[in-house]
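S.K.: For reference, the chains in residue letters:
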Amino acid sequence: MSEALTIDALQQWLHRFAFDITTQADWLTELDSAIGDADHGTNMVRGTAAVVAKLDGGTTGTVQELLKAVGITLVSTVGGASGSLYGTFFLEMARNSPSDVQLNGSELENALHAGVNGVIARGHATVGDKTMIDALEPAITALSQSLADGRQLQGSIAAAAAAATIGRDSTKPLVARKGRASYLGERSAGHIDPGAASAAILVAALAASIGERTA
Amino acid sequence: MKKLINSPQTLLADALRGVAAAHDQLSVDFENRIVFSTAPREGRVALVSGGGSGHEPLHSGFVGAGMLDAACAGEIFTSPTPDQILAAATGVDSGAGVLFVVKNYTGDLLNFEMAAELAREQGIEVASVVVADDVAVEDSTWTAGRRGVGTTLILEKVAGAAAARGWSLEKVQVLAKRIADAGRSMGAALTSCTVPAVGKPSFDLPEDEMELGVGIHGEPGRKRVPVMSAAELSHALVESITTDYDFSGKPVIALLTGLGGTPLIELYAMFAEVSARLNERNITIARSLVGNYVTSLDMRGCSLTLVGADNEILDLWDAPVNTPALRWND
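Protein sequence lines, in the order shown, are assigned to chains A and B.
If you count by my numbering, then the first sequence holds residues 4 to 218, one letter each, in order.
If you count by my numbering, then the second sequence holds residues 25 to 354, one letter each, in order.
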């Protein structure tokens, strides 16, 4: 099978991400009201809706241009730490994508790696801090491992999504060390981190959109 | 949820229209959600602050002659975005540089940091000061660090006066840092607040309990305790602040802010107790402010801030200011 991800496929991913964020917005906000400030769902809906409007609004050219536009849109519409971190994720992906209309498996892997590293550099978080990194880092590790084992892109992205879900759930018992949840100290334990939850949605959306296309 | 709004989605835009309608000395950029001062700033340092909305009058109420040159309004409890902050910086810079006053929240830090990078790329000299004065949060590598609360407004007033006197960016930043370092705050809430887009209180608080060390975004506090009297609570707040920083023998600027839903009569009853507790500790209240200055929507409760002062700081504090929420000697 073709192992490349076209502009269309990337757009489908982002549409799917926006859709899933919208349907799960109340849950994200509920998670955020337990350990944060009850706005994660609202903010992500605003940002991903702006991304969809941007995509629907015109030509996007290369993969690099598309991802850059997504990053800038998220930075300027989500607000808060999430806007800056999700924006950085896509801007770093863009910076490390080919100036082409598609991405092959290893190019996608590189771009995703760069995105995750960008989030780590901007937010100074590591696995175990109870942040989106707890979902993203295992996802990217699983993707690389699966591709190295010779599995196809679709299966590898599915493995990444599964790892992101496990990573998301792993935040539940953790005591937060970053962001607003860290103000709660021990009281932050017992709740899934909303950032890890939306990050898992991002990876799951990628898996779902690839699954749909090849199904 | 009962609120005087048209809709949660339009609240911020509606409020900015109200700010523009009420205050001739301000000009509002509705698209970028920036409140600008119309006071002259040619050749002097400009001050830009901002943060999530819902803390009014912070920050838009402190824009005007002798204080902030621009305030960026984020969505409720959500920091403003880098493009917004950049637009504020380019709007106020007259070549002498811009000081960003940032409260220590992850979102604010990241967005102001991105904005500073963008502004420098455009040749604007930017310095930042971060306020992290909330003693309720343990300052360790295991947290995002202390939150920025009441010291912010005292810093904005004093640094704004220094900028108005033509101080250099470096000198204004050093002064601002000195204020940030000498400020401590501690708050308590009787109720949670209701974020309009959420429609219900951010946390439940039983009728007979209060949150000690509460934040200003509806995040629960560090500890839940039975409701205290004004005397008991003022003792707890002063104790937390003074065990963290030794103010004894020094003059202080004291701010007792309501969190949005507390009647002024209760704040004055609290301040009487605070004043007595400080007297006992040989701490002189040189200047004071009592009222709703750094709020958390409709939360009931208060937050006490003390900033260690000296003659220079007090002189700058007394300098003319003309903003919607602070105005004297102008």
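Quick caveat, the hints were computed from the structure, so don't treat them as lab data.
Keep in mind that a hint or two might mislead.
[Stated by the list, open to error] Here are the simulated SDA-like pairs of lysine to any residue, each with C-alpha atoms no more than 25 Å apart in a straight line:
hint: 1; chain 1: B; residue 1: Lys-224; chain 2: A; residue 2: Gln-157
hint: 2; chain 1: B; residue 1: Lys-195; chain 2: B; residue 2: Glu-256
hint: 3; chain 1: B; residue 1: Lys-247; chain 2: A; residue 2: Pro-176
hint: 4; chain 1: A; residue 1: Lys-71; chain 2: A; residue 2: Ile-10
hint: 5; chain 1: B; residue 1: Lys-27; chain 2: A; residue 2: Thr-9
hint: 6; chain 1: A; residue 1: Lys-71; chain 2: A; residue 2: Trp-30
hint: 7; chain 1: A; residue 1: Lys-175; chain 2: B; residue 2: Arg-144
hint: 8; chain 1: B; residue 1: Lys-224; chain 2: A; residue 2: Trp-30
hint: 9; chain 1: B; residue 1: Lys-274; chain 2: B; residue 2: Glu-233
hint: 10; chain 1: A; residue 1: Lys-71; chain 2: B; residue 2: Glu-145
hint: 11; chain 1: A; residue 1: Lys-71; chain 2: B; residue 2: Lys-201
hint: 12; chain 1: B; residue 1: Lys-201; chain 2: B; residue 2: Lys-247
hint: 13; chain 1: A; residue 1: Lys-57; chain 2: B; residue 2: Pro-32
hint: 14; chain 1: B; residue 1: Lys-224; chain 2: A; residue 2: Glu-33
hint: 15; chain 1: B; residue 1: Lys-224; chain 2: A; residue 2: Lys-71
hint: 16; chain 1: A; residue 1: Lys-71; chain 2: B; residue 2: Glu-141
hint: 17; chain 1: B; residue 1: Lys-247; chain 2: B; residue 2: Thr-215
hint: 18; chain 1: A; residue 1: Lys-71; chain 2: B; residue 2: Lys-195
Owing to the predicted nature of the structure, the values given are computational and were not obtained by experimental measurement.
S.K.: Each hint: holds or not?
M.R.: Hint check results:
For the hint pairing Lys-224 (chain B) with Gln-157 (chain A), the CA-to-CA distance comes to about 42 Å; that exceeds 25 Å, so the pair is violated. Distance check on the hinted pair: Lys-195 (chain B) and Glu-256 (chain B) sit about 41 Å apart at the alpha-carbon level, beyond 25 Å; violated. The suggested pairing of Lys-247 (chain B) with Pro-176 (chain A) holds, with an alpha-carbon distance near 20 Å, which does not exceed 25 Å. A distance of roughly 13 Å separates the Cα atoms of Lys-71 (chain A) and Ile-10 (chain A); the hinted pair therefore holds under the 25 Å criterion.
Proposed proximity of Lys-27 (chain B) and Thr-9 (chain A) is contradicted: the alpha carbons are some 48 Å apart, above 25 Å. About 28 Å separates the Cα atoms of Lys-71 (chain A) and Trp-30 (chain A), which puts this hinted pair outside 25 Å; it is violated. Taken as a hint, the Lys-175 (chain A) and Arg-144 (chain B) pair is broken in the structure, with Cα atoms around 40 Å apart against an allowance of 25 Å. For the hint pairing Lys-224 (chain B) with Trp-30 (chain A), the CA-to-CA distance comes to about 14 Å; that is within 25 Å, so the pair holds.
With a C-alpha separation of about 34 Å, the suggested pairing of Lys-274 (chain B) with Glu-233 (chain B) is violated against the 25 Å cut-off. Annotation: proposed proximity of Lys-71 (chain A) to Glu-145 (chain B) holds, straight-line Cα distance about 18 Å (limit 25 Å). For the hint linking Lys-71 (chain A) to Lys-201 (chain B), the alpha-carbon distance of about 36 Å lies beyond 25 Å, and the restraint is violated. Using a Cα cut-off of 25 Å, the hinted pair Lys-201 (chain B) and Lys-247 (chain B) is violated, with the two alpha carbons roughly 30 Å apart.
Using a Cα cut-off of 25 Å, the hinted pair Lys-57 (chain A) and Pro-32 (chain B) holds, with the two alpha carbons roughly 24 Å apart. A distance of roughly 11 Å separates the Cα atoms of Lys-224 (chain B) and Glu-33 (chain A); the hinted pair therefore holds under the 25 Å criterion. For the suggested pair Lys-224 (chain B) and Lys-71 (chain A), the alpha carbons sit about 37 Å apart, so the restraint of at most 25 Å is broken. For the hint linking Lys-71 (chain A) to Glu-141 (chain B), the alpha-carbon distance of about 17 Å falls within 25 Å, and the restraint holds.
Taking the CA atoms of Lys-247 (chain B) and Thr-215 (chain B), the gap is about 14 Å. The hint holds against a cut of 25 Å. Of the pairs offered as hints, the one joining Lys-71 (chain A) and Lys-195 (chain B) is violated, with about 38 Å between alpha carbons and a cut-off of 25 Å exceeded.
Checked against the numbered hints listed earlier, the structure breaks hints 1, 2, 5, 6, 7, 9, 11, 12, 15 and 18; every other hint is satisfied.
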